[in-house]
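A.B. asks: Now for the letters of each chain:
Number of protein chains: 2
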Amino acid sequence: MTAMDAGHAAALDAADPLASFRDRFVVHEPELVYLDGNSLGRLPRATAARLRTVVDEEWGGELIRGWDHWLDEPLRVGDRLAPLIGARPGEVAVSDSTTVNFYKVAWAALEARPGRRALVTDRDNFPTNRYVLEGLASQRGLEIRWLEGDPIEGPKAADLGPLVDEDVALVTFSLVNYRSAALADLASITATAHAAGALVVWDLSHAAGAVLVDLEGGEADLAVGCTYKYLNAGPGAPALLYVRRALQGELRNPIQGWFAQREQFSMGQGFDPVEGIGAWLAGTPGIVSLAGVDEGVALVAEAGMAGIRAKSVALTEYAVALHDAWLAPLGFSLGTPRDPARRGSHVAVRHPDARRLCALLIGRGVVPDFRAPDSIRLGLSPLTTSFTEVRTGLAALRELAAD
Amino acid sequence: MTAMDAGHAAALDAADPLASFRDRFVVHEPELVYLDGNSLGRLPRATAARLRTVVDEEWGGELIRGWDHWLDEPLRVGDRLAPLIGARPGEVAVSDSTTVNFYKVAWAALEARPGRRALVTDRDNFPTNRYVLEGLASQRGLEIRWLEGDPIEGPKAADLGPLVDEDVALVTFSLVNYRSAALADLASITATAHAAGALVVWDLSHAAGAVLVDLEGGEADLAVGCTYKYLNAGPGAPALLYVRRALQGELRNPIQGWFAQREQFSMGQGFDPVEGIGAWLAGTPGIVSLAGVDEGVALVAEAGMAGIRAKSVALTEYAVALHDAWLAPLGFSLGTPRDPARRGSHVAVRHPDARRLCALLIGRGVVPDFRAPDSIRLGLSPLTTSFTEVRTGLAALRELAAD
Numbered sequence: 001m002t003a004m005d006a007g008h009a010a011a012l013d014a015a016d017p018l019a020s021f022r023d024r025f026v027v028h029e030p031e032l033v034y035l036d037g038n039s040l041g042r043l044p045r046a047t048a049a050r051l052r053t054v055v056d057e058e059w060g061g062e063l064i065r066g067w068d069h070w071l072d073e074p075l076r077v078g079d080r081l082a083p084l085i086g087a088r089p090g091e092v093a094v095s096d097s098t099t100v101n102f103y104k105v106a107w108a109a110l111e112a113r114p115g116r117r118a119l120v121t122d123r124d125n126f127p128t129n130r131y132v133l134e135g136l137a138s139q140r141g142l143e144i145r146w147l148e149g150d151p152i153e154g155p156k157a158a159d160l161g162p163l164v165d166e167d168v169a170l171v172t173f174s175l176v177n178y179r180s181a182a183l184a185d186l187a188s189i190t191a192t193a194h195a196a197g198a199l200v201v202w203d204l205s206h207a208a209g210a211v212l213v214d215l216e217g218g219e220a221d222l223a224v225g226c227t228y229k230y231l232n233a234g235p236g237a238p239a240l241l242y243v244r245r246a247l248q249g250e251l252r253n254p255i256q257g258w259f260a261q262r263e264q265f266s267m268g269q270g271f272d273p274v275e276g277i278g279a280w281l282a283g284t285p286g287i288v289s290l291a292g293v294d295e296g297v298a299l300v301a302e303a304g305m306a307g308i309r310a311k312s313v314a315l316t317e318y319a320v321a322l323h324d325a326w327l328a329p330l331g332f333s334l335g336t337p338r339d340p341a342r343r344g345s346h347v348a349v350r351h352p353d354a355r356r357l358c359a360l361l362i363g364r365g366v367v368p369d370f371r372a373p374d375s376i377r378l379g380l381s382p383l384t385t386s387f388t389e390v391r392t393g394l395a396a397l398r399e400l401a402a403d
Numbered sequence: 001m002t003a004m005d006a007g008h009a010a011a012l013d014a015a016d017p018l019a020s021f022r023d024r025f026v027v028h029e030p031e032l033v034y035l036d037g038n039s040l041g042r043l044p045r046a047t048a049a050r051l052r053t054v055v056d057e058e059w060g061g062e063l064i065r066g067w068d069h070w071l072d073e074p075l076r077v078g079d080r081l082a083p084l085i086g087a088r089p090g091e092v093a094v095s096d097s098t099t100v101n102f103y104k105v106a107w108a109a110l111e112a113r114p115g116r117r118a119l120v121t122d123r124d125n126f127p128t129n130r131y132v133l134e135g136l137a138s139q140r141g142l143e144i145r146w147l148e149g150d151p152i153e154g155p156k157a158a159d160l161g162p163l164v165d166e167d168v169a170l171v172t173f174s175l176v177n178y179r180s181a182a183l184a185d186l187a188s189i190t191a192t193a194h195a196a197g198a199l200v201v202w203d204l205s206h207a208a209g210a211v212l213v214d215l216e217g218g219e220a221d222l223a224v225g226c227t228y229k230y231l232n233a234g235p236g237a238p239a240l241l242y243v244r245r246a247l248q249g250e251l252r253n254p255i256q257g258w259f260a261q262r263e264q265f266s267m268g269q270g271f272d273p274v275e276g277i278g279a280w281l282a283g284t285p286g287i288v289s290l291a292g293v294d295e296g297v298a299l300v301a302e303a304g305m306a307g308i309r310a311k312s313v314a315l316t317e318y319a320v321a322l323h324d325a326w327l328a329p330l331g332f333s334l335g336t337p338r339d340p341a342r343r344g345s346h347v348a349v350r351h352p353d354a355r356r357l358c359a360l361l362i363g364r365g366v367v368p369d370f371r372a373p374d375s376i377r378l379g380l381s382p383l384t385t386s387f388t389e390v391r392t393g394l395a396a397l398r399e400l401a402a403d
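Sequence lines, in order, name chains A and B. For the first sequence, the working numbering gives the first residue as 1, with consecutive numbering after it. For the second sequence, the working numbering gives the first residue as 1, with consecutive numbering after it.
Since the hints were made in silico from the structure, they are not lab data. Even for Gly, the Cβ is constructed at its ideal location relative to N, Cα and C. Each statement offered as a hint is correct.
Not everything, but these chain A residues come out facing chain B in the computed CB check (under 8 Å): (1) Ser39; (2) Arg42; (3) Ala48; (4) Leu51; (5) Leu63; (6) Arg123; (7) Thr128; (8) Gln261; (9) Val367.
Sequences and hints are given; from them, build the entire structure.
C.D. replies: Shown next as structure tokens:
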């Protein structure tokens, strides 16, 4: 039996300590090969039940009295999420979208460095981040310095030298690149930015729940991230927002809403924000979806990030091996770092005909994502993706490409 | 039989053409007198079923393929909501919180009037609006001119004269005051502001689904509002955002997110927003809660705003009559306009001991809201509140206050 045989995938599944977690999720079509859990994670069974309770019992039954406990949810869920990304209690809030949270923290970083006239990011940063930054730069008359690195390699501290100087207020990247899965070195990039006096915002969207993130150890300043990817919180569920405790008294949230107000329900005159991460809330949080974050986070915590990362590496290693054996001879190239230490939990395979092949795959019951211009992105979600699924999916792609 | 008799309330209920709508909502405790539907509307039965479908079938079953139709939801639900507030198709989006939407449109109005150094609002505007405005004013070096009117009367065009001049960029009020229920005259205030070249933002939170709103006829520029009050969309459901069509090409959304991007999934370089109201979206919308807005709006549309307004007036008239007969002799005063044409759908009764009485009422199974310093706010939600409930609630309050 070679590594390419079906028996090998079955053996990997049999030896997978997280294999049983798949049963904790709703699976409507057992034959569906779902390789897009990095775009929208599957529905945990506990979440289906919990959301029913929140809707039917809490909203329907408690009515306004539900706010007695709902008010605490954005920070309670944040505290629960914190250890998954190396943050401490009181450093994470869950509310609003990733885009709105990115706007808040990027604005705050720029505001905290008055007189500095530039910010640094890369062309391969996730589009919403680039667009928000373009807006902020235009509003504030700032220059965006684009790091023109190799997208498969991702941003590197060594390449930042020429771009980061005392005129830079903000350096911001995705920790895991949404297309190539390149995993940046949080600590070294942060240190390089700090040496020039800049603040750093990390987007953890493709990292949280998939790779080991150490915000505290890496001395990160600010971070945001989606919860509907590897945290399996549901479509459009509220996003995470992290502010390092030491910065919480210094940085300001541009959107001064009532959920950040001390004694919110005295509804007094004059904005007087709470201390701590609560000051980064704005309006009324989406209570139903927040419960989905709570359940998704609980499941990841139960599995443990060490085991999740180990499975993720094994899944991506397997996908890379299958690419090399089956796809490279058909004109594919790998769009993802070969070193697992520098890779998140998805694998991009590139082909000039990727768009058409991706559509054909979906028609065959294999669901990856197409990412322009030429990537098929295989999201390997450690709690739900099996090695057999990876093999089945790549076998289908080989067959279609060989046609 | 006098108007105060239980038989009179029963007769009003028997003659109520909207009485049957109460059966369209989940009611866990039939004896509960719920007078807080203006803070959190009840759960429609259709919503409980719909959210189950969205979670279990769409998220759980369609997975990422759900985005094929979810992408359209913020504007589709906006179009469905539009006629309830006198807006046209393509003028309303539903996404983000009211606070975030208020920030977007207030920022946009200020940005569109460069050189003007002031904005006008009132001390009795909803707290989150005041706090957001204080933030924007501080960030931009603007003066806030506070209209110091009578909160029971609410803002009036005639009082704006001394405050609104060519230095004012923005005038903004709540259409229905959150405490007193004062209903402002949208058209005359808007015209006064326009005469000075200012833009106007209306907060419809306590108006949408309760009073007749004519954004088009009143020549409103911008509006926001909650969906979880009289639209019964659920706790923290996404909020509405209105931009008059004629202004859509001129005003800019400060939060440039990917949901506003033309060809969003080409993920190209450079923010290039869609035309129209879609440019006011930002990040990924909360899909589960959006379905709740859709159902809540459908129910209000089915009942019809004319009938809803008529029932609302009848409910508030009845509450005022009971206040006058039962509560005024016990030291209460009315905190709400007496003219139903100038009143929204809640009634505030004021008493020095309001906080304690409100807590006692809740203990008795009557749920209003306390609003500092001295108001008990009785929210009369036309689709779910009965005349008998109003009578039972005020009878309980009379009994407690007479103790």
